[in-house]
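*Asks:* Chain by chain, the residues:
2 protein chains.
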Amino acid sequence: MSKIVAVDVTDVRFPTSADLDGSDAMNPDPDYSAAYLRVGTDSDEDSARGHAGYGFVFTIGRGNDVQVAAVRSLAERLIGRDAEELLADLGGVWRELVYDSQWRWLGPEKGVSHMAVGAVVNALWDLRAKREGLPLWQLLARLSPAEIVDLVDFRYLSDALTREEALELLTAAEPGRAEREATLLAEGYPAYTTTPGWLGYSDEKLEHLSKEAVADGYTQIKLKVGSDLAEDKRRLRIARDAVGPDVKIAIDANQRWDVTEAIDWVNALAEFDLAWIEEPTNPDDVLAHAAISRGVAPVPVATGEHAANRVIFKQLLQAGGAQVVQIDATRVAGVNENLAILLLAAKFGVRVCPHAGGVGLCEVVQHLSMFDVVALSGTTQDRMIEYVDHLHEHFVEPVVIENARYRPPQRPGSGAEMHAASVEQYTWAR
Amino acid sequence: MSKIVAVDVTDVRFPTSADLDGSDAMNPDPDYSAAYLRVGTDSDEDSARGHAGYGFVFTIGRGNDVQVAAVRSLAERLIGRDAEELLADLGGVWRELVYDSQWRWLGPEKGVSHMAVGAVVNALWDLRAKREGLPLWQLLARLSPAEIVDLVDFRYLSDALTREEALELLTAAEPGRAEREATLLAEGYPAYTTTPGWLGYSDEKLEHLSKEAVADGYTQIKLKVGSDLAEDKRRLRIARDAVGPDVKIAIDANQRWDVTEAIDWVNALAEFDLAWIEEPTNPDDVLAHAAISRGVAPVPVATGEHAANRVIFKQLLQAGGAQVVQIDATRVAGVNENLAILLLAAKFGVRVCPHAGGVGLCEVVQHLSMFDVVALSGTTQDRMIEYVDHLHEHFVEPVVIENARYRPPQRPGSGAEMHAASVEQYTWAR
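Top line first, the protein sequences correspond to chains A and B.
Residue 197 in the working numbering sits at position 204 of the first sequence, and the numbers go up by one each step.
Residue 397 in the working numbering sits at position 404 of the second sequence, and the numbers go up by one each step.
Chain A on its own, in the form it takes in the complex (with noise of 0.2 Å):
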């Protein structure tokens, strides 16, 4: 038996804005930042192997010490908590830390208290994968579809999907299990990438971005538009030409738009032929998403990585206000929240097109888009997970992506591991 003994969590920033990078029609300036949390226990393997629990939250800046706080007080309660019996039982712990009713009151579970519960659960994860030595996603992929639903809490869920509607679905996956693991680690995992399509980048990068991710291999790239009409009916005639008629190119307005003009600037530009247009409006509007879907049709709506929980998303495909759910790695209550919008996207059969990018986003989730083509879905057809080449280098295993597909990470754990070097040359002080 080993116990938990630390919970270290640091204000790490990089100074993006200074390039651009990651500027869009919201966000003209992001700091590319992290809530970054590290759980040490006192077993003697732990630490003769090295092994410590990493998880974070993705910000972009100012207000990253108030997610370092949140983070804090939320992980000091596992101090002195017993590992083995946290570990095997993470279904009970996000249960323990999502309906802690008092904390809960600050979301409830949405926002800054419900991001730092995922990344406490994602720290264990990770921990849990590494002593299981499995990449997080392997470890998932392994799991009984018994196990698997236990780790997922129905309450609010029920009226889209039940436990034995989840049950049943893993199960009709189980067969082809092995298989499908033997493809994924021969192939890899289609990506896209949205480095060329950057609002601050000039027309020169963008030009030579695009035909990059061409030549790399890429069969969709993504621009950011929302600003000017006319800049962007410019920008996508540089994007088209540069790629040619057969590379996709999705949009993302990042929630720039209300309800008419999302439609009316959408069907503006439809001569690009879009494979999608991202947030479109207020992630909380799931209303405002079913009608721009039907007034943009065929292009579909992609949304996600703002959607604050399970709730939205449950809500977004009964809606039929996402045609594309983009998961993301560290914006609900972590892997746990993940499997349920996983389980929810494959009752509706909508795709799922994770968000990526940021810092290390990249990294933690390429897991699920893994763990769901194994033992889920079962599919990559028309899923791609995002691809941005930032700030990769600081992560212990930075994802590879090799002729446009994401190579299975191989190391055990969830991908969440920054280089020491890394974390002490970026931690914030004002």
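Since the hints were derived computationally from the structure, they do not count as laboratory data.
Glycine is no exception: its CB is placed at the ideal position from the N, C-alpha and C atoms.
Do not take every clue at face value.
Said to hold, decoys possible - Which bits of chain A does chain B cover? Going by a derived footprint, with three or more residues having C-beta under 8 Å, they are:
| hint | segment |
| --- | --- |
| 1 | 20 to 32 |
| 2 | 53 to 65 |
| 3 | 95 to 104 |
| 4 | 147 to 153 |
| 5 | 247 to 253 |
| 6 | 274 to 285 |
| 7 | 299 to 308 |
Assemble chain B onto chain A, guided by the hints.
*Replies:* Relative to chain A, chain B alone:
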């Protein structure tokens, strides 16, 4: 000209869990708390008159430290700013704080970060009202329709309410303001009481307090339900027998149920002639509230104390998910966002019955209902402000209830200021 020179944020916690005051099906042991903000200036006149701006976020205990960190982080940006400039453009201040892209990432517009905006905005309103020598309700109700709509941001609302429509509603209500203000000053604003109905109270206490409520002139009481159906029936029988057939009884499930359970449970209580069912399920679940509203009609569904922002309220109204809108003084981004919600309710013709209780929620929210009756809806018909008999003694101007009606506050300000001695005594140190 004067500058903001001090922002002090205090972690105030009252040990209410000892008596089970405030206990319900989801919150068994709250310790009513506040992240309490004081904004001070270098103005000699403010100093001479003892004027500072106070605002706070209400929480129920654990995590109040995180809310304090958020309010402090945000409020510190005010240091050095020109006070007159800020107070003259509180619509602009609201937009600046809510749409700060880095801060907004933490929500967006929900939870800890958004409530922090509310505390800051409300503290500025408090200071402005003190400087103008008016209670907040009177200050707001004497603004012109154009000044009021300038305080509101219509982004994400335009599919339900435009600036022009809001202006029309306010302009239509302009005649009669003086008369309604006089009536309000003479008669007060209706209240209902939750004091009898906390889940942790004994049968004797429930019966005694229910009878006392009737004797005090209340025409509606509210009971917490949702833990056990047989228990709820038993307690509702005690309450109904105590109050007689003419006093209304509302019930509050505090988010306990899923859709089917909510409908079945409420319908099983039909014999008690329910005034409304409050918070039947997750507060983000617009579609579930709509389904429950259909399933339990004619019993109205009430919600709002945990609705994160104006976009959730908008959808509840669009979808028919709320027949009673329950604004809260500290859940959303302050006075400005509550004005937006009052305008939405007026547009949809839905009555507003604020959530109160907690720490100082009665003291602050009454101003909004009083503004509403004078300058917007023009009516108190079927409208009541919740009243709970807790912790009022800590406020400089505690609410006054006479004949089960709120007396309009007289002192300049928003009602948020606590006695310095109370703040000192209940400052939390772990």
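*Asks:* Mind taking a look at whether chain B covers the segment 53 to 65 of chain A? Criterion is 3 or more residues with CB to CB distance under 8 Å.
*Replies:* holds (count 9)
*Asks:* Per the coverage rule (Cβ-Cβ under 8 Å, at least three residues), is the segment 247 to 253 of chain A covered by chain B?
*Replies:* It holds: at least three residues are needed, and the segment 247 to 253 of chain A offers 4 whose Cβ sits within less than 8 Å of chain B.
*Asks:* Under 8 Å between beta-carbons, do enough residues of the segment 20 to 32 of chain A, three at least, approach chain B for the coverage claim to hold?
*Replies:* Contact hint for the segment 20 to 32 of chain A vs chain B: holds, 5 residues under 8 Å.
*Asks:* Is the coverage entry for the segment 95 to 104 of chain A by chain B consistent with the three-residue Cβ rule at 8 Å?
*Replies:* holds (count 10)
*Asks:* Cut-off 8 Å, C-beta pairs, minimum 3 residues; does the coverage of the segment 147 to 153 of chain A by chain B stand?
*Replies:* Coverage by chain B holds for the segment 147 to 153 of chain A (5 residues, Cβ < 8 Å).
*Asks:* Please count how many residues of the segment 299 to 308 of chain A have a CB within 8 Å of a CB from chain B and say whether that reaches 3.
*Replies:* Holds, because 7 residues of the segment 299 to 308 of chain A bring their Cβ atoms closer than 8 Å to Cβ atoms of chain B.
*Asks:* Establish whether the coverage given for the segment 274 to 285 of chain A by chain B is satisfied; the threshold is a Cβ-Cβ distance below 8 Å, and no fewer than three residues must meet it.
*Replies:* Contact hint for the segment 274 to 285 of chain A vs chain B: holds, 9 residues under 8 Å.
Every hint from the earlier list agrees with this structure, and none is contradicted.
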